[in-house]
Amino acid sequence: MKKVLAFACIGAIFVFGSCKRETKDEKFKHDFEQFTQKECPKFVDPCTRLDSACYDIENRTLSYHYTVQDMLDDETIYTEETNNAFYEDILKGLKNSIPMKPYKDEGVTFRYDYRSITTGKMLLVLTYSPEDYGK
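Going by our numbering, the final residue of the sequence shown carries number 135, and the count climbs one at a time with no gaps.
Quick caveat, the hints were computed from the structure, so don't treat them as lab data. Predicted model only: the values in this text are computed from it and were never measured. Be careful, since some hints might not be right.
Label-pair ranges, simulated between beta-carbon atoms [claimed, not checked]:
hint, residue 1, residue 2, range
1, F43, S97, 15 to 23 Å
2, T82, Q34, 32 to 40 Å
3, K38, E81, 34 to 42 Å
4, G93, P46, 15 to 23 Å
5, D132, D25, 18 to 26 Å
6, K24, K121, 18 to 26 Å
7, M100, T23, 15 to 23 Å
8, I77, K27, 31 to 39 Å
9, T119, E26, 32 to 40 Å
10, E26, T82, 32 to 40 Å
11, K101, K38, 17 to 25 Å
12, Q34, E81, 17 to 25 Å
Computed list of lysine-lysine pairs in DSS-like fashion (alpha-carbon distance at most 27 Å, straight line) [what the hints assert, rightly or not]:
hint, residue 1, residue 2
13, K38, K24
14, K104, K92
15, K29, K95
16, K92, K42
17, K101, K27
Using N, Cα and C, we set each Cβ at its ideal position, and we do this for glycine too.
The task is simple: from the sequences and hints, build the whole structure.
Given below as C-alpha cells:
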C-alpha cells in the first residue's frame, strides 16, 4: 500500500510539474489567433477591412492586416504628407488606448499594414515601437 501511495505521489508530481504556464507572449499569440478566428474579417469603416491580427513572439510584434477599398484604394493618395497624417492619427489612438495598455506595458511593437483590394499591393505599413508610444 505504501508503494502504491508513493507511486501515486510521484506520478502527481510529474503530471503537475510538467504543466507549463503560458508566458505573456504565448498568451498574446493565442489571444490574437482567437480574435482573428472569431472577429475577422470585419469592416472598421466603410473603406477599411481588418483581415487578421497576429502576434509574433520572436519579434514581440502585434500586427494588424487591413485591406482598403473605394477611395482609400488609390496609390496616389499615399504621399509622404498623408502617410505622416495616418501615422500621427494612429499613434494618437494607440497612446490613448486602454485596451492596448497590457501590450504597451510589455513593450510590444505595433504594426499596421494596408493592402489594396484591387491589386493586392501593399500601400502603407506603419510601425510603432515602445519609444514611439511612450512606454
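Verification of the supplied hints:
{"no.": "1", "hint": "F43 with S97: 15 to 23 Å", "result": "holds, 19 Å"}
{"no.": "2", "hint": "T82 with Q34: 32 to 40 Å", "result": "holds, 34 Å"}
{"no.": "3", "hint": "K38 with E81: 34 to 42 Å", "result": "holds, 37 Å"}
{"no.": "4", "hint": "G93 with P46: 15 to 23 Å", "result": "holds, 18 Å"}
{"no.": "5", "hint": "D132 with D25: 18 to 26 Å", "result": "holds, 20 Å"}
{"no.": "6", "hint": "K24 with K121: 18 to 26 Å", "result": "violated, 35 Å"}
{"no.": "7", "hint": "M100 with T23: 15 to 23 Å", "result": "holds, 19 Å"}
{"no.": "8", "hint": "I77 with K27: 31 to 39 Å", "result": "holds, 38 Å"}
{"no.": "9", "hint": "T119 with E26: 32 to 40 Å", "result": "holds, 36 Å"}
{"no.": "10", "hint": "E26 with T82: 32 to 40 Å", "result": "holds, 37 Å"}
{"no.": "11", "hint": "K101 with K38: 17 to 25 Å", "result": "holds, 21 Å"}
{"no.": "12", "hint": "Q34 with E81: 17 to 25 Å", "result": "violated, 38 Å"}
{"no.": "13", "hint": "K38 with K24", "result": "holds, 21 Å"}
{"no.": "14", "hint": "K104 with K92", "result": "holds, 13 Å"}
{"no.": "15", "hint": "K29 with K95", "result": "holds, 22 Å"}
{"no.": "16", "hint": "K92 with K42", "result": "holds, 22 Å"}
{"no.": "17", "hint": "K101 with K27", "result": "holds, 15 Å"}
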